[in-house]
Amino acid sequence: MVSNVADYKTEVHNDWCPGCGDFGIVSAIQMALAEMEIPRHKAAIFSGVGCSGKTSHYLNVYGVHTLHGRVLPFSQGAKLANPEMTVVAVGGDGDGLGIGAGHFVAAGRRNVDMTYLIFNNGVYGLTKGQASPTLKLGLQTKSLPEPNVNQSVNPIALAIASGFTFVARGYAYDVRQLKDLIIAAVKHRGLSFLDVLQPCPTYNDINTRDWFSGMDNIDEITNRPRPRIYKLEDVGYDPVVHIDSPQEENEKLTQALIKSNEWDAKIPTGIFYKNDIAQSYDQRMAERIPNYLENPPAYQEISAGGKSITDISQLLDKLEI
Amino acid sequence: MSSIDFTWVIGGPQGGGVETAANIFAGACAGCGLKVFGKREYYSNIKGEHSYFGVRVSDKTIRSNVSGITMLVGFDAETLFRHADEVFDDGAIVFESDLTEIKIDEVHTLDAQFKERLIKYLLSKNKPLTIQGAINAAKERGVTLYPVSFKEILASLSDETNNPKLRGMFRMQNVLAVSISIGLLGLPPETLLKSVGSIFSRKAEIAEMNKTAANYAYNYATVKYSKFRYQLSPIPKEEHTMLAQGFQSTSLGKIACGCRFQSYYPITPASDESVFLESNEIFEVENNRPGSTLVVQTEDEISAIGMIIGASLTGSRSSTSTSGPGFSLMAEALGWAGINEVPIVVTLYQRSGPSTGLPTRHGQDDLQFAIHAGHGDFPRIVYASGDTEEGFYDTAKCFNFADIYQIPVIHMMDKFIASTVSTVKRFDPTKITIERGKLLEKIEDPGYKRFTPSPDGISPRSRLGLENGIFWNTGDESDEAGHISEDPENRIYKMDKRLHKMDLALEQIPKEDQAINYGISDFCILSWGSTKGPILDAIEMLNKAGYKVGFIQIKLLHPFPTKYVQSLLSGVKKIIDIEANQSAQMGSLLNEYLDRKVDYYILKYTGRPMTCNELFDSVKKIIDNKAEKKQVLKYGV
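Quick mapping for you: the protein sequence lines, in order, are chains X and B.
Sequential numbering of the first sequence, starting at 4, is according to the working numbering.
Sequential numbering of the second sequence, starting at 10, is according to the working numbering.
Honestly, the hints are just simulated from the structure, not real lab data.
Virtual Cβ for every residue (Gly too), placed ideally from N, Cα, C.
Fair warning: there could be bad hints in the mix.
[As the list claims (entries may be wrong)] Dumping the calculated DSS-like pairs for lysine-lysine here, alpha-carbon to alpha-carbon at most 25 Å:
(1) B:K503 x B:K583
(2) B:K458 x X:K45
(3) B:K458 x X:K321
[Unchecked claim] According to the in silico footprint, chain X covers these stretches of chain B (three or more CB under 8 Å from chain X):
(4) 247-259
(5) 263-274
(6) 284-293
(7) 338-350
(8) 376-385
(9) 425-439
(10) 474-485
[Said to hold, decoys possible] Here are some chain B residues pointing at chain X (derived, C-beta under 8 Å):
(11) M218
(12) T221
(13) V304
(14) D309
(15) S312
(16) I317
(17) I318
(18) G319
(19) G324
(20) S325
(21) I443
(22) G446
(23) S494
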């Protein structure tokens with residue numbers, strides 16, 4: 004079966020602002036699903052609340068638009084109950100790193116085999132541009148009455164510290180690279196995180212598309228802008244934990260943390276950290292429940308002719324006197 | 010032969026083996042065919058604070074505790090200070106003889122309010138402010154004293170068995186105390202030893218050592234002391250009787266009725282259920298494929314309910330178990346399940362609120378909250394079980410309600426039931442049915458829409474992973490496919506579709522599942538949940554005393570079964586509302602839905618469950634026309 008990108012699109016009217024980075028992300032997800040030829044009914048997109056929350060309605064696969072900050076609990080529950088599904092969770096930076104930050108950290112510890120993608124634009128768009136957890140200290144975007152008074156959180160570093168086993172960053176206007184990153188993230192066995200820089204053309208007038216491409220930073224000799232965005236793969240960065248040793252793991256984690264602090268002049272994209280050696284949650288579960296993956300909660304037979312077919316007699320025997 | 014009604018209480022510091030001792034005692038009595046009803050009371054503390062366990066024993070069915078103690082066992086000073094006064098005049102106290110000189114002020118875990126009451130009491134009896142004083146006050150009333158030196162028993166046991174280690178095994182004083190009690194009560198040693206063996210079944214060596222000690226202490230008691238005036242004797246055992254803890258009922262119900270995904274955040278008294286499920290996560294299924302429950306401990310209760318919603322979307326029966334504070338965090342997601350018509354079951358083991366409240370104590374304070382939790386109008390069922398046995402069968406019913414009506418169901422349990430150990434009839438899984446409603450296994454129609462109109466308002470339900478079954482869900486209002494819609498006409502369609510399910514539930518749920526009618530009389534008790542046990546026991550006492558009183562136990566609390574309850578009440582002259590909360594939460598439902606008002610209230614909100622004696626006294630007062638409109642019960646330490 005050859006999949007067509009169009010198969011993954013719905014006819015729902017898209018009401019994002021013109022020029023919004025979200026369009027690129029939705030396209031990249033559609034392209035990735037088509038390229039991986041995932042049957043539409045075997046994929047589920049879960050979304051949080053906010054502009055990015057509408058993403059699930061624009062994709063013609065199972066779509067679950069959850070609560071503000073709670074996309075990870077909903078999506079993990081679904082993936083654990085039916086491990087056959089390809090599950091991608093998406094949400095804004097306020098959704099995932101503000102109201103949902105506790106779930107972000109806990110999800111990292113579990114390492115469920117799914118992908119989480121944050122639309123990172125530094126503002127709460129749908130509520131008219133308040134500062135989000137990723138907006139840098141002291142910045143005053145368009146609708147802020149005062150400059151941002153809080154430090155920003157570093158999503159890449161937080162993901163690494165929390166235990167995500169695949170951590171990468173994409174850019175909403177580089178759809179091809181983003182599509183490739185999504186494919187790599189989905190194929191990774193374990194929890195993958197994608198921080199997607201997604202300019203908000205309406206409320207973030209500082210970290211704009213022009214800012215990312217360096218229009219404010221013209222090279223005096225060539226008279227060309229010096230783009231802030233660069234690709235880790237172009238500088239020979241190796242994110243992969245190759246051998247199962249604490250030393251190797253520490254080196255790769257440390258390197259990724261250091262890289263994650265680059266901002267302003269140079270902003271890296273690509274894969275920061277990838278650990279295929281760490282066990283995913285379903286693998287750990289299968290060690291405890293040997294037939295978990297063949298007979299997961301979603302597929303277990305529980306009744307015949309309206310009667311229970313579960314045998315609890317041994318448990319009852321133990322209580323009998 | 011007069012019937013047996015005996016209450017044995019053991020107390021001690023938390024972590025000191027009180028629960029083990031009580032379980033051995035309950036097992037030893039149940040092994041002799043006797044009925045037991047035991048309940049544990051404890052502080053929110055890991056080690057050191059006072060906890061106690063009361064076991065009531067009878068030859069007939071018992072469903073509650075009584076006020077008062079027949080035999081008190083104390084190997085620490087606090088137990089004696091706190092409970093000596095509760096011992097019946099013809100009761101007994103078995104106590105560590107080394108403790109007699111201890112003064113009230115030396116027991117740091119006694120709180121100031123209690124100390125003040127105790128000092129006043131001892132001074133009024135002209136007694137010194139010591140254990141000796143407290144015990145002598147009891148002795149003067151007629152209480153038999155059995156001073157025991159656990160140290161001496163251990164020393165002589167150690168010498169006789171040539172095992173010097175035993176000399177310092179003070180941890181075993183709980184087993185010694187139970188064994189002495191059983192000896193004094195004249196029950197045979199065999200069931201005692203069997204019970205000890207089963208409690209320590211995980212470690213053979215420890216089991217053997219405890220059995221030796223139990224046997225020794227049993228013989229010691231029969232030789233050293235004269236028999237206690239109450240003697241228990243074995244009666245024929247009823248077949249298929251279990252000794253079960255309340256929380257095991259909903260756990261076993263979940264396994265039997267096919268709940269395969271449970272998530273939870275640790276909270277007293279609900280987490281025992283989840284821990285039981287995880288301890289028994291794999292089980293046999295008749296199709297020869299072992300089944301399993303995936304139990305996930307989450308980061309908070311918001312995540313717990315979020316995960317079960319996600320799991321339920323895949324078609325798996327899914328639930329979470331929590332208590333008041335955790336349920337508070339679940340309110341928003343409950344509405345999401347409501348608007349998206351997702352079946353979930355929340356097992357709500359209530360305790361005393363508000364806030365952290367009395368975290369390890371009983372209460373029925375969350376009824377109105379369960380009915381109203383979450384913003385906006387959405388359908389839900391709130392269903393309450395009255396005891397351990399109901400907990401098992403009702404769990405299966407709750408999952409059926411959730412699947413049939415595609416709604417969240419809140420199954421009300423409470424701390425009283427959770428921590429009760431009692432003899433119950435073996436659960437019969439063949440009595441439960443599994444109804445999955447309109448859950449689809451296969452979809453042929455490429456035009457499937459999740460919220461397509463249907464005559465009864467319930468649409469066929471797809472599940473994640475089903476071919477042709479793609480749907481969308483959103484917390485926003487949505488159209489038939491599940492996409493966001495703010496259209497006014499669609500809004501009316503969807504709101505009416507969802508809320509109509511409440512009318513449907515009232516029409517379809519059998520009357521005997523809506524409320525249980527135990528008999529109607531001029532005076533009629535209305536209640537819900539775990540007050541059932543003390544009420545039924547009190548009614549037996551009232552009948553014996555020549556008083557007639559009816560009782561209706563309401564199980565379906567939302568939607569409220571107005572028609573059925575109204576019909577039952579047609580000949581009733583006075584309604585008595587009995588509940589374990591301050592504001593009469595079910596009483597306000599009665600006043601709201603019935604065409605008449607509650608006449609009398611009996612309420613208790615000390616965190617301690619009602620005893621049958623308390624209810625006997627207060628209901629009798631009402632019938633004798635000597636009662637105020639509202640009576641507040643207080644018994645219990």
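Practice task
Find the hints from earlier in the document that the structure breaks and name them by number, from lowest to highest.
Solution key: 1, 3, 8, 11, 12, 13, 22 and 23
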